[in-house]
Amino acid sequence: MEFNFITVAFIVFSLITLGGAIGVVTCINLFRGTIWLMVSLFGVAGLMVLLSAEFLAAVQVLVYIGAIAILFTFAVMLTRSITSDKMRFTRVWVNVISAGILFVLFALGVIYPVWVANAATHFPVTDAGLATTTDLGVALVSGSQFVLPFEVAGLLLTAAMIGAIVIARDADDEGN
Amino acid sequence: MDCPGLCEALANGGVNLGLAQFISLFIGVVLVSGVPLVTVIFLIWIERKVAARIQDRIGPNRVGPFGLLQTFADLIKLLIKEDITPTAADRLLYNAAPLVSFASVVLIWAIVPFTPYHYGVDLEIGALYFVAVASLGTLAIMTAGWASNNKYALLGAFRVVALLVSYEIPLVFALMVPVMLAGTMSMVDIIYAQSSMWFVFMSPLAMILFFISSQAETGRAPFDLIEAESELVAGFNIEYSGMKFGMFFAAEFLHVFTNGILLTILFFGGWLFPLWNEPLIAFAWLGLKASVLYFISLWIRNTVPRMRIDQVMWFNWFRLVPISILNLLAVAFLVKVMQELGLAPRDLAQATLGEVLPMTIILFLSNVAIAIGLLGQVRSVGRESRLATETAQTATAVGD
Chain A
1 MEFNFITVAF IVFSLITLGG AIGVVTCINL FRGTIWLMVS LFGVAGLMVL LSAEFLAAVQ
61 VLVYIGAIAI LFTFAVMLTR SITSDKMRFT RVWVNVISAG ILFVLFALGV IYPVWVANAA
121 THFPVTDAGL ATTTDLGVAL VSGSQFVLPF EVAGLLLTAA MIGAIVIARD ADDEGN
Chain B
1 MDCPGLCEAL ANGGVNLGLA QFISLFIGVV LVSGVPLVTV IFLIWIERKV AARIQDRIGP
61 NRVGPFGLLQ TFADLIKLLI KEDITPTAAD RLLYNAAPLV SFASVVLIWA IVPFTPYHYG
121 VDLEIGALYF VAVASLGTLA IMTAGWASNN KYALLGAFRV VALLVSYEIP LVFALMVPVM
181 LAGTMSMVDI IYAQSSMWFV FMSPLAMILF FISSQAETGR APFDLIEAES ELVAGFNIEY
241 SGMKFGMFFA AEFLHVFTNG ILLTILFFGG WLFPLWNEPL IAFAWLGLKA SVLYFISLWI
301 RNTVPRMRID QVMWFNWFRL VPISILNLLA VAFLVKVMQE LGLAPRDLAQ ATLGEVLPMT
361 IILFLSNVAI AIGLLGQVRS VGRESRLATE TAQTATAVGD
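Chains as they are written, first to last, in the numbering used here: chain A, 1 to 176; chain B, 1 to 400.
Just so you know, the hints here were simulated from the structure itself, not pulled from any lab data.
Just so you know, even glycine gets a beta-carbon here, dropped at the ideal spot from N, CA and C.
One should not assume that every hint holds.
[Stated by the list, open to error] One side only, chain A facing chain B, incomplete, derived with CB under 8 angstroms:
id: 1; residue: Phe5
id: 2; residue: Ile28
id: 3; residue: Phe31
id: 4; residue: Ser52
id: 5; residue: Ala58
id: 6; residue: Thr79
id: 7; residue: Arg91
id: 8; residue: Asp135
Work out the full structure, taking the sequences as your base and the hints as a guide.
Here you go:
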């Protein structure tokens, strides 16, 4: 591996990601756990910047840290007994074994094929030739590309939102 | 990776290329984050002076000429104050929250183009970056409220987060209007797209929506539920003292001015001075426009009373959000139709005033139509509630 400042940045962001992930699973306080989750997601955003995917990085921060993780903290804080209690999951060995099996499956099924395929033709990521945000926007609305999946996803999200509103509505409000 | 200016000089002087790039980037980062840090010291003085004048007082006038050094005195006081951490607090998060709060504002300055040649970075996704970074401020307040382990702090944080999350929606919808008009999210290109017409004339509603929701995002009156002293003791920052408390406030003061600058860039043409691209003139012009908007923000803050939490929420969900969605749809539809008809230029940066004028007039009229509809609706609601009150009064009078 070539040693330069990009490598240093990669190592720093990897440590942030992994450290945050370790924090999530080892923290006995749930609120701290969600904060560690944000740290980990932030590290992933940094790795995306290193891969010249700034758009994805910004979306990562906006959607995961700005919206989903904030929602997590809301849920944790609103559940009064959880914020004060120190929770500990007791069946440690079951977790360790299942996590180990999952890791092996992941390594064999995802990392190994990609690693082998890329080892022959590995080249550094450059800005040249990469798709821009404009390309992404065009791809989402052009008839020959992803317009149908995009519309289906939009419909699904709208349906989910309406469903959430219907469920959250008070039964007493029906008359009004 | 390219290597211009200082980096090139260093590399030619025999420094390792990677190190030269790192040093020049590092100096740039220090400069860009240094500007807001120095600015905020004087902003606090301006804010106190303006507030004093509006309330018929003189304001700080003892330390230095016109009280200019008052902030430095306050700063020293805050720094040497005892730094208290509550015993039951979560130490790590308690100490991290003020830093995240301040960083969320300073990070915005990375994409601010000060002049045609001076900016931290010209991100292709500038507008999205702004929204992403600003959402970290919410996180800081939530963390501060929870880590203090105080029920008033937690209650304050709940109210604030509800407010911030809600007002982010009209803010983003209003932000999308200039992005759509310019056809880019880069702040530099958004300025260039306004070279013949400011976006405020194309969509004044979007400007007003952005102004109101950014006022709410900074937690200024009439949305100052963040530190409603009479109701929440001090809100989420009740347990903080010394410089940690100071950092929350520095972040707030700076955020107001940052919003002025962002409004200038998005709606008032940024540094574009007619026929004159000198960096100093451009910088002064941007600063002047941002200062005027900043002054209006202070003016509103010192004039209007605080709204109740339910009023704030109602105002957002029943007024700002529907209007911002309607405005966004109208602008998107009209711009596309006009482009197809040939009334609007496809590249605003190259267009002349004559080419932009029809588009501006139509978009402006669409905004006026939305505003008239809105005012009519407000009027009928007002009349209904007045009638209801009068009927109730008559009924009481008859009952007597």
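Hints, one by one, checked against the model:
Hint status for phenylalanine 5 (chain A): holds, given a least beta-carbon distance of 5 angstroms to chain B, under 8 angstroms. The criterion of a C-beta within 8 angstroms of any C-beta in chain B is not met by isoleucine 28 (chain A), whose closest approach is roughly 12 angstroms, and the hint is violated. Evaluation of the phenylalanine 31 (chain A) hint against chain B yields a held restraint, the C-beta minimum of about 6 angstroms falling below 8 angstroms. With its C-beta approaching chain B no nearer than about 11 angstroms, serine 52 (chain A) sits outside the 8 angstroms limit, and its interface hint is violated.
Among the interface hints, the one on alanine 58 (chain A) holds; its C-beta lies about 4 angstroms from the nearest C-beta in chain B, closer than the 8 angstroms criterion. Among the interface hints, the one on threonine 79 (chain A) is violated; its C-beta lies about 13 angstroms from the nearest C-beta in chain B, farther than the 8 angstroms criterion. At a threshold of 8 angstroms, the smallest CB-CB gap from arginine 91 (chain A) to chain B is about 27 angstroms, leaving the interface hint violated. Because the beta carbon of aspartate 135 (chain A) sits about 11 angstroms from the nearest beta carbon in chain B, more than 8 angstroms, this interface hint is broken.
In this structure, the hints that do not hold are numbers 2, 4, 6, 7 and 8, in rising order.
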